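So the sequences go chain by chain: A and B.
Residue 126 in our numbering is what sits at position 126 of the first sequence, and the numbering runs on without skipping anything.
Residue 92 in our numbering is what sits at position 92 of the second sequence, and the numbering runs on without skipping anything.
Think of the hints as simulated: they come from the structure by calculation, not from any bench.
Note that the coordinates shown come from a computational prediction; the quantities given were computed from them, not determined experimentally.
Among the clues, some could well be false.
No copy is singled out in the list; a pair is fine if it fits within one copy or between any two copies.
Here are the computed lysine to aspartate or glutamate pairs in the EDC-like style, where the Cα-Cα straight-line distance is at most 20 Å [what the hints assert, rightly or not]:
1) K229 x E57
2) K237 x D16
3) K260 x D79
4) K126 x D79
5) K204 x D193
6) K126 x E60
7) K126 x D201
8) K237 x E263
9) K74 x D193
10) K237 x D281
11) K229 x D281
12) K6 x E239
13) K204 x E263
Protein chains: 2
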Amino acid sequence: MVVETKFARFDSITLDSGVALAPVEVAYETYGALNAARSNAILILHAFSGDAHAAFENAEGQEGWWDNVIGPGKAFDTDRYFVICANVLGGCRGTTGPATVNGATGRPYAMTFPVITIGDMVRLQKMLIGQLGIERLLAVSGGSMGGMQALQWAVSYPEAVAAVIPIATTSRHSAQQIAFNEVGRQAIMADTDWNSGDYYDGPKPGRGLAVARMVGHITYMSDASMREKFGRRLRGKDEFGFDFSVDFEVESYLRYRGSKFVERFDANSYLYISKAMDYFDLSAGHASLGDALGQTAARFLVLSFTSDWLYPSYQSLEIVRALRSRNRDVAYCELTSNYGHDAFLVDVREESDLVRGFLASTYAEIAA
Amino acid sequence: MVVETKFARFDSITLDSGVALAPVEVAYETYGALNAARSNAILILHAFSGDAHAAFENAEGQEGWWDNVIGPGKAFDTDRYFVICANVLGGCRGTTGPATVNGATGRPYAMTFPVITIGDMVRLQKMLIGQLGIERLLAVSGGSMGGMQALQWAVSYPEAVAAVIPIATTSRHSAQQIAFNEVGRQAIMADTDWNSGDYYDGPKPGRGLAVARMVGHITYMSDASMREKFGRRLRGKDEFGFDFSVDFEVESYLRYRGSKFVERFDANSYLYISKAMDYFDLSAGHASLGDALGQTAARFLVLSFTSDWLYPSYQSLEIVRALRSRNRDVAYCELTSNYGHDAFLVDVREESDLVRGFLASTYAEIAA
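Only chain A is shown next, with the shape it has when bound in the complex (with noise of 0.2 Å):
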């Protein structure tokens, strides 16, 4: 099967900020059927740099970012499930975001897009899945960035999601979650092809853009898979090279890594949406996280994984016990794996049967 990604035209959306975005866009990918009932759609979130491409092969080829548990008999079953994924407000991968030509201009947006907030990207999604035809969401679910959506969906639209399923995530950014996202911001800024976000008819800031997706890649792994994948293993050489090119296997990673992300990444993207995850706070406007979830109506299924100190298991915690504490229906699982933050996205055996039972039990629930 060869996807395909649609696109879904609004007016106009009106962001937390205050201000009007209009038009905007959506690209967007859909696997499986819609049952009769529209109870069976699923709505996957995409963490910091992925795309509406979660699953199949596109026309170029191209895997989905979760094609490991979506698809015939995986763990989001496309032979039972309606399954949708979107790029999400900001981003670079079709969606309407700061690359985008504003019509009122003709030139990108660029730093003159309006700074966004994961809640703006769910009021689009919810734009979405109107369109669609789909009043209540059998599950939402997705990891890191996708996890804040996934619960930001929850308390926003309480009666349009079933089910719930946050992974690697967090209600609110920490400080050290912000200072790394902040340092990408700075190497950005830093590079003077960004031109104050005005790059478009020139060289892109891929220096900067590279620099902050290498500290990305630090964070998404651990200090022993990292051990393990590279060690202190040289690169192409047997002795230290006394020079300044690479001489050791990790670094020829972390260039590699960073030079491939700017060929598919906006770097104003990355500011916007980095910024959307530092602003978000699920218990903002609310007097706690407990208020804030005590207004939620679907069931959670919560999991974080063992090595992961990007987002570490106690962030996952604090929502668990802030549902509890209004009564509300959580399982919480820790899952053990030596991948780091990427567990959730290459370490996905355990994960996968969590999702399938918890889906199926929820969708029987709803079939009742």
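For chain A, the structure is supplied; the task is to place chain B on it using the hints.
Just chain B now, kept in the frame of chain A:
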């Protein structure tokens, strides 16, 4: 007491790379008095961005970087001991480094400076100690990169040191530690003002160096200490700015520390010193770490801190195990602290007690 930085000059030093560097100058300070037997000298070894000014105030009114453990009645008691601290080879605080003018060309070395190692730094320190008329040091001690030098002293010059106190350090850099250093180097080299290292007549690569330093600061603190110090507090505003100026206190802190660092540190020194740390592997040239440490003759006090995730305790325990496997005299303490890697500089009460006792008993043994 106002201290002054002194300078020692040497005709030449031969480096681990095989290159001879000539001439070479060392900036150092001393505190306290050398006794008649020349048996009370302690060499303090600074970390990555440190310098020779370890204690007391200098003429500019600046307190030394480890003033809270060096001084009269303090852990490194200057009423009893003669304390020496020198800026490392490759540094930018008085000792010969990439910013030094190469006599042969009349221009700063810049990237023609030879790549140096921790072993080279220690070799130059040994020359300095010799010039000061000291054959055997009572102790060598330092944290982080200072701890690497302390370990190297014990292996390179076993007869020249009685006690070794490596703090918050490792016998070799892990893939993760190399990765963080590489990101810093890439941030500097991505700055167009870096100009392949040839910037001494023009603008300095301050933006890249600031980004490198910001990454460093995150790794020096713990998640908990950042939460306590900053949390999600906003800086000078009650609500989000919905722009890319400073929102959070932690952003302001990182930008400030980044910009301050640029005033006092040379970007090329950052490259060379971080490379020396990455090359460091105490077991290199030996069959094992045990074999390397088996040739030492000193007593060891190894210290690490619970919340230090940059130089985690397991790396100190590797050193302890290797020493014990050769029946060496070693004590190890893991100190409880929230301050992360910075703990060795700031959370010094328990550290001081342990160091004081260890030095006193070593000194008594030598005198006996």
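Hints versus structure:
1. K229 x E57: neither (27 Å within a copy, 47 Å between copies)
2. K237 x D16: between (53 Å within a copy, 18 Å between copies)
3. K260 x D79: neither (34 Å within a copy, 59 Å between copies)
4. K126 x D79: Neither way: K126 and D79 sit 24 Å apart in one copy and 72 Å across, limit 20 Å.
5. K204 x D193: For K204 and D193, the Cα distance is within 20 Å both inside one copy (6 Å) and across copies (17 Å).
6. K126 x E60: neither (29 Å within a copy, 62 Å between copies)
7. K126 x D201: Result: close neither inside a copy nor across copies, 34 Å intra and 57 Å inter.
8. K237 x E263: Neither: 28 Å inside a copy, 37 Å across copies.
9. K74 x D193: neither (44 Å within a copy, 51 Å between copies)
10. K237 x D281: between (48 Å within a copy, 17 Å between copies)
11. K229 x D281: Between. Shortest inter-copy distance 19 Å satisfies the 20 Å Cα cut-off; intra-copy 35 Å does not.
12. K6 x E239: For K6 and E239, neither the intra-copy (51 Å) nor the inter-copy (37 Å) Cα distance is at most 20 Å.
13. K204 x E263: Classified as within; 10 Å inside a copy, 29 Å across copies.
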